[in-house]
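Engineer: Let the sequences and hints guide you as you build the complete structure.
Residue numbers (this note's numbering), protein chains in the order written: chain A, 23 to 143; chain B, 23 to 143.
Treat the hints with care, since some could be wrong.
The list treats identical chains as one, so a pair stands whether inside a single copy or across any two.
[Unchecked claim] Mimicking SDA-like on lysine to any residue, the simulated pairs with C-alpha atoms at most 25 Å apart in a straight line are:
#	residue 1	residue 2
1	Lys134	Pro68
2	Lys134	Gln90
3	Lys132	Glu116
4	Lys72	Thr32
5	Lys97	Gln117
6	Lys135	Glu103
7	Lys97	Ile114
8	Lys135	Asp123
9	Lys102	Asp123
10	Lys102	Arg112
11	Lys102	Gln127
12	Lys97	Gly86
13	Lys97	Arg118
14	Lys97	Ile124
15	Lys135	Gly86
16	Lys97	Leu129
17	Lys97	Glu128
Just so you know, these hints were derived from the structure itself, not from any lab. A quick note: this is a predicted structure, and the numbers were derived from the prediction, not measured.
There are 2 protein chains.
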Amino acid sequence: MKPTSYTLDTTFAALADPTRRAILARLASGECSVTELAEPFEMTMPAVSKHLRVLERAGLIAQGREAQWRPCRIKAAPLKEVAEWAEQYRDIWEQRLDRLDIYLQELTAKEKKHGRRKRSK
Amino acid sequence: MKPTSYTLDTTFAALADPTRRAILARLASGECSVTELAEPFEMTMPAVSKHLRVLERAGLIAQGREAQWRPCRIKAAPLKEVAEWAEQYRDIWEQRLDRLDIYLQELTAKEKKHGRRKRSK
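Structural biologist: Structure representation (structure tokens):
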């Protein structure tokens, strides 16, 4: 298995949880301690620590090694990989939206035509 | 839980597997049958079908209902959501890369200075 593939596996698995995504969102505005991170979630410290371990293993956060205050910070490099991976499919979602757009325009045109016919009767 | 959050959960979970990502890559070039999809993976049909069910539940593929040939096609809308979600963090990864760039420039400048000093001795 390629290393990139392995990274995407662990990154996607780590991101498949709303608490972990919320932790990343909080860390996007700056470093903070595990206690500060735990506050909004009404979770036990071990539960938060478990989520942090998953994020750390996926390379999405790093935790300081200071004895008292172990600040967590976000590491966005895997998120860049996620964005780039998803971007490969941009053509497909844009084509779909283009087709939907054409369909809606045709529908509107038909309705207008139909409306005019009705009024002209 | 918000519906978007729920969708991202199932999308990310579905994408955390290299076979499922390879299936999406294959479908990006056009519809194909389950048999055709199974070929490159050396997997049993039930194993492939299981992956397809996960992708279908996540809204990433749709499967035709024709009795004989049930063509699979990619549905890229959840991938658009993934790209948009990751894009929120672009500032962070670009800042990091900017900082790395500045650091490397400083390092190169220092080395040049050092090199000149060495040569002038």
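Engineer: Does each hint fit the structure? Answer for all of them.
Structural biologist: Each hint tested on the structure:
no., hint, in the structure
1, Lys134 with Pro68, "neither (62 Å within a copy, 50 Å between copies)"
2, Lys134 with Gln90, "neither (70 Å within a copy, 41 Å between copies)"
3, Lys132 with Glu116, "within (24 Å within a copy, 47 Å between copies)"
4, Lys72 with Thr32, "both (15 Å within a copy, 20 Å between copies)"
5, Lys97 with Gln117, "between (33 Å within a copy, 11 Å between copies)"
6, Lys135 with Glu103, "neither (48 Å within a copy, 36 Å between copies)"
7, Lys97 with Ile114, "between (29 Å within a copy, 8 Å between copies)"
8, Lys135 with Asp123, "within (18 Å within a copy, 59 Å between copies)"
9, Lys102 with Asp123, "between (30 Å within a copy, 17 Å between copies)"
10, Lys102 with Arg112, "both (15 Å within a copy, 7 Å between copies)"
11, Lys102 with Gln127, "between (36 Å within a copy, 23 Å between copies)"
12, Lys97 with Gly86, "within (13 Å within a copy, 41 Å between copies)"
13, Lys97 with Arg118, "between (33 Å within a copy, 9 Å between copies)"
14, Lys97 with Ile124, "between (41 Å within a copy, 18 Å between copies)"
15, Lys135 with Gly86, "neither (67 Å within a copy, 33 Å between copies)"
16, Lys97 with Leu129, "between (47 Å within a copy, 23 Å between copies)"
17, Lys97 with Glu128, "between (47 Å within a copy, 23 Å between copies)"
Checked against the numbered hints given earlier, this structure breaks hints 1, 2, 6 and 15; the rest are met.
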